[in-house]
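K.L.:
Sequence:
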Amino acid sequence: MRILQHEITRRSVIAGTGGLVVSFSLGRAFAQAPAPPTPPVVPPAPPASLPGSLDDDRFLDSWIRIDPDNSVTVFTGKAELGQGIRTALLQVAAEELEVDPAEIEFVTADTGRTPNEGFTAGSQSMQNSGTAIRNAAAQVRALLLAEAAKRFGVAAAELRAENKSVLAKDGRSVSYGELVSGQMLHVEAQPQSALKQPGTFRVMGKPLPRVDIPAKVTGQPAYVHDLRLDGMLHARVVRPPSPAATLTELDQGAAEAMPGVVSVVRDGNFLAVVAEKEFQAVSAMRTLAAAARWQERDTLPDQTTLPAVLQGLEREVGTVAEAGALSSDGKVFEATYTRPYQIHGSIGPSCAVAQMKADGTLDVWSHTQGVFPDREAIAEMLAMPEEKVHVIHMEGSGCYGHNGADDAAADAALIASKIPGKPVRVQWTREQEHSWEPYGPAMLMKVGATLDDQGRIASWAYDLWSNTHSTRPGGAGALLAARHRAQAFQPEPAELRISPSGNGDRNANPLYTIPNKRVLWHFLPDMPLRVSALRALGGYANVFAIESTIDELALMAEADPVEFRLSHMEDPRARAVIELAAERFGWDKAQMPRNRGRGFAFARYKNLAAYLAVAMEAEVEPETGRVRVARVVSAIDSGEIVNPDGIRNQTEGGILQSISWTLYEAVAFDRTRITSTDWSSYPILRFASVPDSVEVHIIERPGEPFLGTGEAAQGPAAAAVANAIRNATGKRLYDLPFTRDRIRNAVGRA
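Using our numbering, the letters of the sequence shown correspond one by one to residues 18 to 767.
Hint data in this document are derived by calculation from the structure and do not stem from the laboratory. Any given hint could turn out to be false.
Label pairs and their in silico Cβ distance ranges [unchecked claim]: (1) 296 / 364: 19 to 27 angstroms; (2) 230 / 752: 37 to 45 angstroms; (3) 313 / 247: 37 to 45 angstroms; (4) 230 / 342: 49 to 57 angstroms; (5) 587 / 313: 54 to 62 angstroms; (6) 762 / 504: 48 to 56 angstroms; (7) 63 / 333: 31 to 39 angstroms; (8) 700 / 65: 51 to 59 angstroms; (9) 508 / 333: 14 to 22 angstroms; (10) 187 / 86: 22 to 30 angstroms; (11) 517 / 258: 39 to 47 angstroms; (12) 333 / 447: 36 to 44 angstroms; (13) 752 / 640: 15 to 23 angstroms.
Keep in mind the model is a prediction, meaning the values are calculated, not measured. In this text, a Cβ means the ideal position worked out from N, Cα and C, and glycines have one as well.
All chains should be built: construct the whole structure from the sequences, respecting the hints.
P.N.:
Okay, structure coming up:
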């Protein structure tokens, strides 16, 4: 639920009343005069809704700045996380401002400079920030043309903007910098903008090399890991050995006496060492860890009974969707699907830098996905005013959701608060990343569906057991450092909230036409392991379960899987991606060679974002249980195309990551602690298992709203793998991941 807050300011009073009203009393002389009737109070009309994130930060100069020297700066509250959004947003601004992209300074998430756009998540950067920047840029261009028209004494329609200047037909020109004065751009945006039409685009819709790549491939400072500040110290944190461990004894003398060690920081269960050089900090961390004594407790469930554990954690049930009446008449298919805990698997462990300055302000550099929420959480943890905390986004290794970046930022902030004046860099270890990042949640999904006499889906019952999938910062209780302090902060209680975009229930309601259905979310407020958002949230497992079931129903109906989907699909854009993927794959009914299979799947991400369909060919080795996806063909509709290369890159990456999740990835634990603490115990997709080809075909939708791309492939890719294995072996697998042991057991080979 969204709560609108209207702040009363001098500007809003004048705007709401049409003038400034001053009232005063003339004293007792007029005390007996009859009071005039009081006119009814008419509340000011609420402000008109603005496009995208403009609705949250309504002034144009929050997004676009033009200086007298003709420099152009564009601001976004979204963060570059490796998804290429910096390039796409730059293209949008350049297009509407009629400026070469190379001429724009582009500033991303920074609490001291940019709009507050919350989290960079949910594939919404183009929908929200892209839409805001495009409209703001178009309105700035219109203001510049209007100002030039006044100076030239001509109609604005007779002028054109080009290369940071406004040109008249008679050859006169004036630069943007010469036109802008004072508070010209400090005006509220309007609901409507004169946007450029697709046929006139120079920058949008065309490939533009990613602006973040050159520094990364040439070894220049590009990541928060590369940040080096004058006098910077290096810190390492000693984490507890298990989630419920308590520090009972510590002899810190040996660590404090080591070369370069500046300080040992202890606050409850939070333990860290600070040194002048990084390896000194690493060495001292190992010594300190050996000297610490912890009391551990068995608080984790038996991993083999995890599905039953999840069912036992249910607190309440919410109805996600309901139509008609369920029936068991006809052919019935029932199945239970499971998903394990999975990690983000950032190749580089989390890192952050913080400095408590002499004036009492705190600077934090972090790969957080939300600089403003992170600021709020850190300020609460340190009992500081939010305005005293400045969080600046710097890129880190890929996160794909809420990984350890915010926790590393909290570590650095807490340590820096103990050593004022010195920048402090915190680097996690690989074992810490695997053991302590917030995991993608385990899930359980049950499906019961029936077919009528015509082979159509007549009834659909879907039950999922899941938490919210997001414990992102917003309160200090989301941060490990705050939880481990002597005065520990507790996580905010989770609440069941069903929304159009979904979270744990994301994509649980099939887009197919089904007359009778019921979708229930069995809500889990607490989970045995610490969890938060992993790419696609519940959409990955829900689409896997739904699209696996759709294939089984197609088999029961003796129908081709693609034709079966089309027969239940009314959305024309959904049909288009299904048909295109099948066509480019060369989908037919021919028998596949032995131990090779084809799989198909579709979803519209969140049922309101990008459409994606994917076909795969996979080979299965029954003797070893090895599955290798040989070929992938996908089709995607992301709305208006800004950078086709960016869409392809995001889709390819999503497909490969989903294949990795589906075939390899699961967090392992015993009754006390995490046991999958490195890449050998938590395997991921290696280069030798990457498909021979991955094709991404983009459907052009000029003039349509941006839909976002980043997470659209996760669910369909998983289901396509499952369906290809089913086609190759005749066996359906229900439990993720499809490890070699599970494959061997399914096909009955030793």
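K.L.:
Given a hint of 51 to 59 angstroms, does the C-beta separation of residue 700 and residue 65 actually sit inside it?
P.N.:
Taking Cβ atoms as reference, residue 700 and residue 65 lie about 53 angstroms apart, which means the hint holds.
K.L.:
The hint says 15 to 23 angstroms between residue 752 and residue 640; measuring C-beta to C-beta, is that right?
P.N.:
holds (21 angstroms)
K.L.:
Evaluate the given range 54 to 62 angstroms for the C-beta pair formed by residue 587 and residue 313.
P.N.:
Since the Cβ atoms of residue 587 and residue 313 sit about 56 angstroms apart, the hinted range of 54 to 62 angstroms holds.
K.L.:
Residue 333 and residue 447, beta-carbon distance inside 36 to 44 angstroms?
P.N.:
Distance hint for residue 333, residue 447 holds at roughly 38 angstroms.
K.L.:
Taking the Cβ atom of residue 187 and the Cβ atom of residue 86, is their distance within the range 22 to 30 angstroms?
P.N.:
At roughly 26 angstroms between Cβ atoms, residue 86 and residue 187 fall inside 22 to 30 angstroms, so the hint holds.
K.L.:
Go ahead and decide if the range 31 to 39 angstroms is satisfied by the Cβ distance of residue 63 to residue 333.
P.N.:
holds (33 angstroms)
K.L.:
Has the hinted range 48 to 56 angstroms been met by the Cβ atoms of residue 762 and residue 504?
P.N.:
holds (50 angstroms)
K.L.:
For the pair residue 230 and residue 342, does the Cβ-Cβ distance stay inside 49 to 57 angstroms?
P.N.:
Check passed, 55 angstroms falls within 49 to 57 angstroms.
K.L.:
Could you see if the CB distance from residue 517 to residue 258 stays within 39 to 47 angstroms?
P.N.:
holds (42 angstroms)
K.L.:
Check the following: the C-beta atoms of residue 230 and residue 752 are separated by a distance inside 37 to 45 angstroms.
P.N.:
holds (39 angstroms)
K.L.:
Between residue 313 and residue 247, does the C-beta distance stay in 37 to 45 angstroms?
P.N.:
holds (41 angstroms)
K.L.:
Tell me if the beta carbons of residue 296 and residue 364 are separated by a distance inside 19 to 27 angstroms.
P.N.:
holds (21 angstroms)
Going through the hint list in order, the structure satisfies each hint without exception.
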